[in-house]
Amino acid sequence: MKKFVNNVDDILTESLTGFGDAHSDILEVKLKPDFVSRKLKPAKPKVALISGGGSGHEPLHGGFVGYGMLDAACPGQVFSAPTPDQMEAAANHVHSGKGILFIVKNYSGDIMNFEMGADMLNLEQQTIVVNDDVAVEDSTFTTGRRGVAGTMIVEKTVGSLAETGASLDECKNFGDHVNKMTGSMGVAFTSCTVPAAGKPTFDIGRDEMEFGVGIHGEPGRKREKIKTANEIVAELMDAILEDLSPNNNQEVLLHVNGFGGTPLMELYLLFEAAKKILDQKNITVSRSLVGNYTTSLDMAGGSITVTKLDEKIIEHWDSPVHTAALRWKM
Amino acid sequence: MDSEKIFNALNQIKLSIDQHKDEIEKLDQEIGDGDHIFNIQRGIKESLDLKDELSGQAPDEVLKKIGIKIMTTVGGSSGALFATLLMGMSKKYNDELSDQKNIAVMFTEGVEAMKKRGKSDLGEKTMLDVLIPVSNELQKSSDQEDIKRIAEKIKAAAKKGMLSTKNLIATKGRASFLGERAKGHIDPGARSSQLAIDAICNTIINT
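Line by line, the protein sequences give chains A and B. Under my numbering, the first residue of the first sequence is numbered 1, with each subsequent residue one higher. Under my numbering, the first residue of the second sequence is numbered 1, with each subsequent residue one higher.
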């Protein structure tokens, strides 16, 4: 393993401290319990959005703290859900009288720890559970679909709605709606290496890919031989479009996300392949985002996310945002 | 039961988990994502660090404080679940009962709280496949006098439960994403739970 490390136990704290110092115009980092919050309190009361999850997915979630998105983020240990006291401390720090909205990726550990954090609070609160990963079958007999790269789209659009002074219920319902309109699926070429483990999480052949991989390198649908980019994208898009069943002339947001170890050059190639498929089906890519937003440490590979757009989602996607990882119109 | 015995048991758990570190890590890499062993080891270390502070305190207070420590330092599913177990156990402590009855009642309460927190039950390829049979065996044996014999039965129940996860399909947690591919692998949470139960039983049998 070659990684920039001083002491493996200090990685998270050192990284968070650096993150806070690098973006001190936007955010603050508090340690023990760890959370990231906006530097400036909102001018008027608003629903406070708090997300969080294991570290190793940067810029998710801390990189999305700031005007137009999250009020706070709670980073856990690498790939491990944060602890309830983090959520409690973050909520008490950022609430401004209109309630707390937790945005949680659908993983058992995250769900449980956010629930325990919520139990500790005396504040009005709701939770949006994001489960955009179409690789996993959703059934009452499983934990259900995972929350992956679509999470940041929920955070962006609900974050924008919250800035308008919308109520907790409105924000919660809109988040559930955006989640429902969103489908994602990913593929990995290599494993990631958790620093504390010091070796790759899974073995994968030089010519193999893990199809439908999760954002911790946990397995997906199947292990296969690598194919051409167009063939891989076609399979990913089939699964996503089957799930979303978009209408003719549907407008969509197309998000190609890198897992951390794949160059942007390849991500744009994936974007083009996906856009061609959508063009052929008379689906209009009217918004796009390409880059490393929901990563799995150093894993090579990427995911495709499609969100079916309506006027309201477009309005709140386009609105101003100022965070460490996403910034436009301000 | 007293704080010294609790920390002694915890120390035995630490030795056993450390000894089986590579095995647990490998199990988790096969069907999870490899964070389980680090979370468990962090939880044990943080708990052991409380030894001096909690020395001489009542057992329910000790369990509750260890539970809170685990809740606030471990994270992940295992942190939430083990914290829930210990905090649940602490609620039912009653020193008027015999040790075996007391532990049976406490453990049952703790496991019920875990089931609720994890929305899970027997047969889902989780640590509950060890802890539920242990809870059942405790209830069944708690009328018996011979605690060494009870400990042997508990050990056997834990081992059987752990091995039973091998051929299950996971319906909870990250292994559930694997479907049929999870078959043939022992659940890492079940293995670490069984090792912990085993270590506690051995301290009883060997004293």
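The hints are simulated quantities; they were obtained by calculation from the structure and are not laboratory data. In this text, a Cβ means the ideal position worked out from N, Cα and C, and glycines have one as well. Careful, some of the hints might be misleading.
[Stated by the list, open to error] Derived DEER-like restraints, expressed as beta-carbon distance ranges:
| # | chain 1 | residue 1 | chain 2 | residue 2 | range |
| --- | --- | --- | --- | --- | --- |
| 1 | A | A43 | B | E112 | 40 to 50 Å |
| 2 | B | E112 | A | D279 | 48 to 58 Å |
| 3 | A | K225 | B | E23 | 23 to 33 Å |
| 4 | A | A43 | B | L15 | 35 to 45 Å |
| 5 | A | E124 | B | E112 | 48 to 58 Å |
| 6 | B | D18 | A | V5 | 21 to 31 Å |
Note to self: Looking only at beta-carbon atoms, does the pair A43(A), E112(B) fall within the given range of 40 to 50 Å?
What the structure shows: At 47 Å between Cβs, range holds.
Note to self: Just to be sure I understand the hint, the distance between the Cβ atoms of E112(B) and D279(A) should be within 48 to 58 Å; is that true here?
What the structure shows: holds, 55 Å
Notebook entry, point to check: Taking 23 to 33 Å as the hint, is the beta-carbon distance of K225(A) and E23(B) inside that range?
Noted result: holds, 31 Å
Next item on the list: Starting from the hint 48 to 58 Å, judge whether the C-beta atoms of E124(A) and E112(B) obey it.
Entry: Violated, at about 29 Å.
Notebook entry, point to check: Should the hint that D18(B) and V5(A) are 21 to 31 Å apart at their CB atoms be regarded as holding?
Noted result: Holds, at about 22 Å.
Checklist line | Distance restraint evaluation - A43(A), L15(B), Cβ atoms, bounds 35 to 45 Å | finding: violated, 57 Å
Of the numbered hints listed earlier, those contradicted by the structure are 4, 5.
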